[in-house]
Amino acid sequence: MESVLGRYRNLIILVGVLFLQVLGLAMQVKRGSDTQDTRLIRIWAVGALSPFERSLVWVRNGSGNIFHNYIYLRGVRAENRELKQQIEQMRLQQVRLSEDAAQAHRLQSLLAFKEQFVSKTVAAQVIGSSGSDLSRVVYIDKGENVGIRRDMPVITAEGIVGKVLMVYPSVSQVLLINDQTSGVGAILDKSRLQGVLRGGATGEVMLERVMSDEQVAAGDIVLTSGGDRIFPKGLPVGTVSKVSNGKDLFLNIKIKPAANLSKLEEVLVLVEKQERQAVAEEKRVRASDILSQRLPSVPEKPPQAQAATPGTSAAIAAGASSAAKPKSPAAMSGSNAPTAKTPASAVASPVPGVAQKAPPQAVTAPRPKISVTSTSLSSPATRQPAIVEDKPLTPPVQPATQPSPNDNDPH
Amino acid sequence: MPITYTSGEQVEVYRFSIPVTLGVPLIALFVQAFVPLRFPWFAVYFDLPLLVTIFFAMARRSPIAGLLTGAFIGLAQDMLGHNPIGLYGISKTVVGYGASSLGVKLDVENAGARFLITLGFYLVHSAVYFTVARALVNMSLSWSWWHGVWGGLANAALGTFLYFALDKFKQRT
Numbered sequence: 001m002e003s004v005l006g007r008y009r010n011l012i013i014l015v016g017v018l019f020l021q022v023l024g025l026a027m028q029v030k031r032g033s034d035t036q037d038t039r040l041i042r043i044w045a046v047g048a049l050s051p052f053e054r055s056l057v058w059v060r061n062g063s064g065n066i067f068h069n070y071i072y073l074r075g076v077r078a079e080n081r082e083l084k085q086q087i088e089q090m091r092l093q094q095v096r097l098s099e100d101a102a103q104a105h106r107l108q109s110l111l112a113f114k115e116q117f118v119s120k121t122v123a124a125q126v127i128g129s130s131g132s133d134l135s136r137v138v139y140i141d142k143g144e145n146v147g148i149r150r151d152m153p154v155i156t157a158e159g160i161v162g163k164v165l166m167v168y169p170s171v172s173q174v175l176l177i178n179d180q181t182s183g184v185g186a187i188l189d190k191s192r193l194q195g196v197l198r199g200g201a202t203g204e205v206m207l208e209r210v211m212s213d214e215q216v217a218a219g220d221i222v223l224t225s226g227g228d229r230i231f232p233k234g235l236p237v238g239t240v241s242k243v244s245n246g247k248d249l250f251l252n253i254k255i256k257p258a259a260n261l262s263k264l265e266e267v268l269v270l271v272e273k274q275e276r277q278a279v280a281e282e283k284r285v286r287a288s289d290i291l292s293q294r295l296p297s298v299p300e301k302p303p304q305a306q307a308a309t310p311g312t313s314a315a316i317a318a319g320a321s322s323a324a325k326p327k328s329p330a331a332m333s334g335s336n337a338p339t340a341k342t343p344a345s346a347v348a349s350p351v352p353g354v355a356q357k358a359p360p361q362a363v364t365a366p367r368p369k370i371s372v373t374s375t376s377l378s379s380p381a382t383r384q385p386a387i388v389e390d391k392p393l394t395p396p397v398q399p400a401t402q403p404s405p406n407d408n409d410p411h
Numbered sequence: 412m413p414i415t416y417t418s419g420e421q422v423e424v425y426r427f428s429i430p431v432t433l434g435v436p437l438i439a440l441f442v443q444a445f446v447p448l449r450f451p452w453f454a455v456y457f458d459l460p461l462l463v464t465i466f467f468a469m470a471r472r473s474p475i476a477g478l479l480t481g482a483f484i485g486l487a488q489d490m491l492g493h494n495p496i497g498l499y500g501i502s503k504t505v506v507g508y509g510a511s512s513l514g515v516k517l518d519v520e521n522a523g524a525r526f527l528i529t530l531g532f533y534l535v536h537s538a539v540y541f542t543v544a545r546a547l548v549n550m551s552l553s554w555s556w557w558h559g560v561w562g563g564l565a566n567a568a569l570g571t572f573l574y575f576a577l578d579k580f581k582q583r584t
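Protein sequences, first through last, are from chains A and B. Note that this note's numbering has the first sequence beginning at 1, numbered continuously upward. Note that this note's numbering has the second sequence beginning at 412, numbered continuously upward.
No lab work stands behind these hints: they were computed from the structure. Given the structure is predicted, the values throughout are model-derived calculations rather than measurements. Even glycine gets a Cβ: it sits at the ideal position worked out from N, Cα and C. Please note that the accuracy of each hint is not assured.
What the hints assert, rightly or not - Stretches of chain B that chain A covers, calculated by requiring three or more beta carbons in the stretch to come under 8 Å of a beta carbon on chain A: (1) 495 to 501; (2) 525 to 536; (3) 550 to 563.
Stated by the list, open to error - Now the in silico label distances, taken between C-beta atoms and shown as ranges: (4) A/Asn-252 to B/Ser-428: 33 to 41 Å; (5) A/Arg-192 to B/Leu-433: 36 to 44 Å; (6) B/Thr-542 to A/Val-4: 23 to 31 Å; (7) B/Asn-521 to A/Arg-77: 44 to 52 Å; (8) B/Leu-433 to A/Asp-248: 48 to 56 Å; (9) B/Arg-449 to A/Thr-239: 21 to 29 Å; (10) A/Ala-101 to B/Ala-546: 50 to 58 Å; (11) B/Thr-542 to A/Asn-252: 26 to 34 Å.
Could you build the full structure based on these sequences and the hints that come with them?
As structure tokens, then:
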């Protein structure tokens, strides 16, 4: 017996070590894919490596900053970074606004419609990865200490990146959207088709669950749908790069992510989302209103004639001039926006969007609609009068510049 | 002067200092985790922890030391990812055992032998990982000979240079 054990000692130990690992694997598989079970074990490896990674990133950034800030272009780098941050914030705001606008056209008649808003983000630096193409995760240098929790969305200014998978005190693991185990609710911006975004074996991103009889073209923009309860609705995901017929009556839609997932440096973790109801302040658009707009109507009175009517042109002119002035962010927030104070112009155009089709001359006029649009982020109805304020600034409507019936179609 | 061995009786077993034993795998894991942030293709084609496992296993020429080295390095690599712990552990345990067993019987000191051994063990490693991931964990992986061969060649080329650099840390028993 001893001789057998001695002879096959290496093999027995090999089988024993393999058996223990298989046993460990089986236990993990049985408990499900929840990686929280192995958190204690994983934290050793992360704790051993993250200080080195963090130091290297710090040294790299520090040396780069010295060169760029004090030797190469003093101050320009900092200014550029500040401007980029502003652009990032504005892009986020722009995405939200454009999505809100589209939403307003489709859902004006709905009441008690809930919307989600990003209210707080934490900027973090990417310090490491798993080092394997079979596990597409990255590590960021922020963790529980700054309020990051599991399943929080991670984005860049360009688009979504992934979600927080594991959280340690000062480090977090982020599962990228091109990992095979990830899943994001997505929607095609133009056709409003919904699908599920998944990673492929070679790191590509695919939009699944879109029926093959739907029309999807390369170049279509993909946004988050909010259906996964992780990403807020309307964040950019990417663009469709290739469409082909797949199996089971579904299309194979390959997506080019908006964020450069292979070269991530700084990311934003959305640590706080707000959900509030959009208040339907305006009455519903009636079919008769739409029809009346499409039909030939009496041309508007010239400004001189309107001045005779109290509360019309004077109010419009005042509203236009005040709206044309640059507004501070404080002035642009809340319900004190000048939009609600222009009832006359609102009456002049009952259909939303009509006044947007102003003649080309209106382009040179002050653009109150921009400043006012950004005042009310959640209530599409309050924007309508503000947009209409452009109208008095334009010359009288000519037949050639009349909006076409299709343009008036709110749908 | 490089020492070559052609028979089992002449095989010399090497050992390593504790800092090297711990530090080299840790550096390999660190580089493997950090470099792909700048060069994403690195993670696709290169597996530094595997090269370190093969090197230590071949140099020590002890199957038990080899499999334990592979197990520890593989498990540490598993901990950095999000897949179940043990996939890399099992693969590298097999590679460590195989490389050390081969090191006892073959001349593993010249560049040609090292190149071929690394190429072969890369494929073995990929095959074991693929099998375990598909059979035990039910992961949806697809086998790619193209990726296997190119990855094997890339690792073999890198390993040949890396082994000569790591030879400096060898200590004769």
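Q. Against the structure shown, which of the earlier numbered hints fail to hold, in ascending order?
A. 2, 4, 5
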